[in-house]
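Line by line, the protein sequences give chains A and B.
Quick note on our numbering: the first sequence kicks off at 1 and runs consecutively.
Quick note on our numbering: the second sequence kicks off at 1 and runs consecutively.
Read the hints as simulated data drawn from the structure, not as lab findings.
Careful: at least some of the hints might be erroneous.
[Unchecked claim] With a Cα cut of at most 27 angstroms, we get these calculated DSS-like pairs of lysine-lysine:
#: 1; chain 1: B; residue 1: Lys120; chain 2: A; residue 2: Lys308
#: 2; chain 1: B; residue 1: Lys137; chain 2: A; residue 2: Lys308
#: 3; chain 1: B; residue 1: Lys167; chain 2: A; residue 2: Lys308
#: 4; chain 1: B; residue 1: Lys233; chain 2: B; residue 2: Lys137
#: 5; chain 1: A; residue 1: Lys244; chain 2: A; residue 2: Lys293
#: 6; chain 1: B; residue 1: Lys233; chain 2: A; residue 2: Lys308
#: 7; chain 1: B; residue 1: Lys346; chain 2: A; residue 2: Lys340
#: 8; chain 1: A; residue 1: Lys340; chain 2: A; residue 2: Lys244
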Amino acid sequence: MDEQFHIEHLPNGVTLLGQSMKDVSSAAVTFAVPAGSAFDPAPLAGAAAVISEWIMRGAGDRDTRALNDALDNLGCQHDASVVSEFVQLSSAQLGRNLAQAMEIFADILLRPRLEAATFIPARSLILQDLQSLDDEPARKAVMMLRERFYPSPLGRSIYGSVESLESLEARSLEDYARNALGPCGTIVAVAGNIDWPAFVDQAARLLGDWEAPGPAAPAVTAAAAGVTHIERDSAQMHITLGHKACPASDERFYAAHLAETVLSGGMSSRLFTHVREERGLAYHVSTHYHSLKGHAGMFTYAGTVPEKGQETLDVTVRELKRIVEGIADDEMHRARTQYKSATVMAGESTSARAFALAGDWYHLGRLRTLEETIAAIDAVSIEDVLDYVREFPAADFTVMTIGPNALDTSAL
Amino acid sequence: MEFKQTQLSNGLQVVGEINPSAASLAAGFFVRTGSRDETPEISGVSHFLEHMVFKGTDKRSPFDVNRDFDTMGARYNAFTSEESTVFYGAVVPEFQSPLIDLLGDILRPSLRGEDFDMEKNVILDEIARYEDQPQFKVYEKLMGQFFRGHPLGNNVLGSPESIRALKRDDMQAYFDRRYSAGNVVVAATGNIDFDLLVADVEKACRRWKHFEVTRDTPPVRGNTDQTVIADAKMVHENIALMSAAPSSQDDDRYAAQLLAAIIGDSTGSRLYYALIDPAIADQASMSFDGMDQAGAFITFVSARPDRATEALAITRGVLADFCKSGPSEAELEAAKNKIASGSTLKGEVPMGRLTSVGLGWVYRHEYVPLPEQIERLFQVSTQEVAELARLYDLSAASVLALGPRESL
């Protein structure tokens, strides 16, 4: 596949990234504004989540309905969301509608109305999301694990708490939002059927005058870590574990991903084989790599019927630890092929590519070609992966379980 | 894009949508069988069998199956619905032949007793897993309620009791009744070599027997009961409504898809403005499910218990109002643009086209290229959508609520 990358910087700190793709009619765009939930000032925890809901309720000349209708008419599949580091606005549409959609997105980020009347419902939706987590223990466990695993507040739940959400006020949140949503460090990535020079001209016109200081960097304190159990009369025992991994910018990143693939990459992976296939313990067991800037973890989930909770935990942990003992040639070959195929297939989707461009830029400060990624995967040896897992062993777990009974974690 | 199709002498059909510029290809074996083809004694057997298909053949152990998929770097899975069981994978083009060889082989599983007993635990755990997902639970119970007395009311997963009682030979007998060569469509999309595909399918499947497979398609008399299931542990009230809709074979399916988007798309729809915008509910959506000679409109609403009665009343109001006055031109136009854009995006990846091409052939024996699908969508008028709403009377819905409330 011949790839064409583009990079352009605006003087106010916005970075524009692009990839022209042949044979597609769509164009996907992602705006990553560095004002994610980790930046929420402690008393305003949940601010970014409410802001992501609130900015969609009217911007520029359009009220909520006019804004929605305009995006719908352009066929924009759009989403405003929040992660630890960013408020993200992403949208996929036909390439020929991108320019018109860009005008609207600029309104949303630079000129959101943030009216008092739309604040209460925006906050109420986030509150309801937070409360509905109690009905979905699997999602809740994963979220709470991250909160305790990462240094605070980097992994904090995007929802904050009921108390912090209820204490938010329209005026002060508006002030915070107008300062926090700023150009410095903002990434705009576009992939697909694009006209790059025209895109750059338009982006410079729309975003060039954007001014706002951005949020203050959070004060980071040590992770809470430890073992936590939430007792709940759920049908399943939900087990989540986190242990340290190398960050995405580390040269051992590919080794980390290959370790993840050996453990959890497909149905022949170790966790699936030993937890599900050989013992029938759990329908779902998996581990996956996740990275923030400078901090990363390997996050493992297993859900099982309560009677089998202890055995599931023990077998899962045993497999996570056992990888340091060695990896067979054919296992490594499979992991490499899986990783490479997944990369090739993700390269067919304009949305996935826009996200990947933004991720590369944020973590690495450059864009990786498909060729580079494939070569890097091929270059990793079994010994490299083993060196990696010795350096980042499955140990010092942060544990979060939700279910009818606490498990014995003394052997971890 | 080019479309090709053929049929083996044993009745197995092969269809392909060829896109030489794609980086990958997807292939699936679509078996026209699911929970609607089960009797109560074997409830859940279709889905359990889907799991057992990955447990190996005379040539392959369970681990061999998993290993062979992973050696190709395939993205693969399977799903079972009320009426289809589908096994599929996506790979880069060099693995086309090995993928077909593998899928073709596992569709004739050994169903070994020890694997059967072990997998039973996994199925029981999967049933427990869905117990902890309220939306799924509500959907399952409402299907049972709306289609009571009709095969589509059969539960896909079965119950813990029916699964525990199921015997290996019951599954074999079901397999022998349903997995006829003539009841299977092999569909492939993306960067495929069609001649090679046909040759490989022939090699893998030519010994499959052809026999008569039937399916009951009685008329649907949707039950319009209202049930509230109280569960004091739950925080939110999850409400679902179901009413009759065009079938998958019906030409009205395009209008039905538009109707559902106008009323209940995740953005800019009537339910969005009536419930989400004012934060009366935190979820509200409507979808159209076209099935074999039957169809349903399904609406989901999730709200805090103190707003649940109001949310349900508003939902009913939106549905009744739509039946009375139909959509505006602007609403219809927006829904068309959204659906067209969504299908275009999905269609840019081979995997995104597979179910559309495969099920299109299973249900209608027809192939409609994506541009023509979009064309047909754009031909639908406001009058047609309004007539559809009246014809299917959205307000005559079956309702099921699950949550802390005793009544609504």
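Worksheet item: What hint numbers does the structure not satisfy?
Response: none
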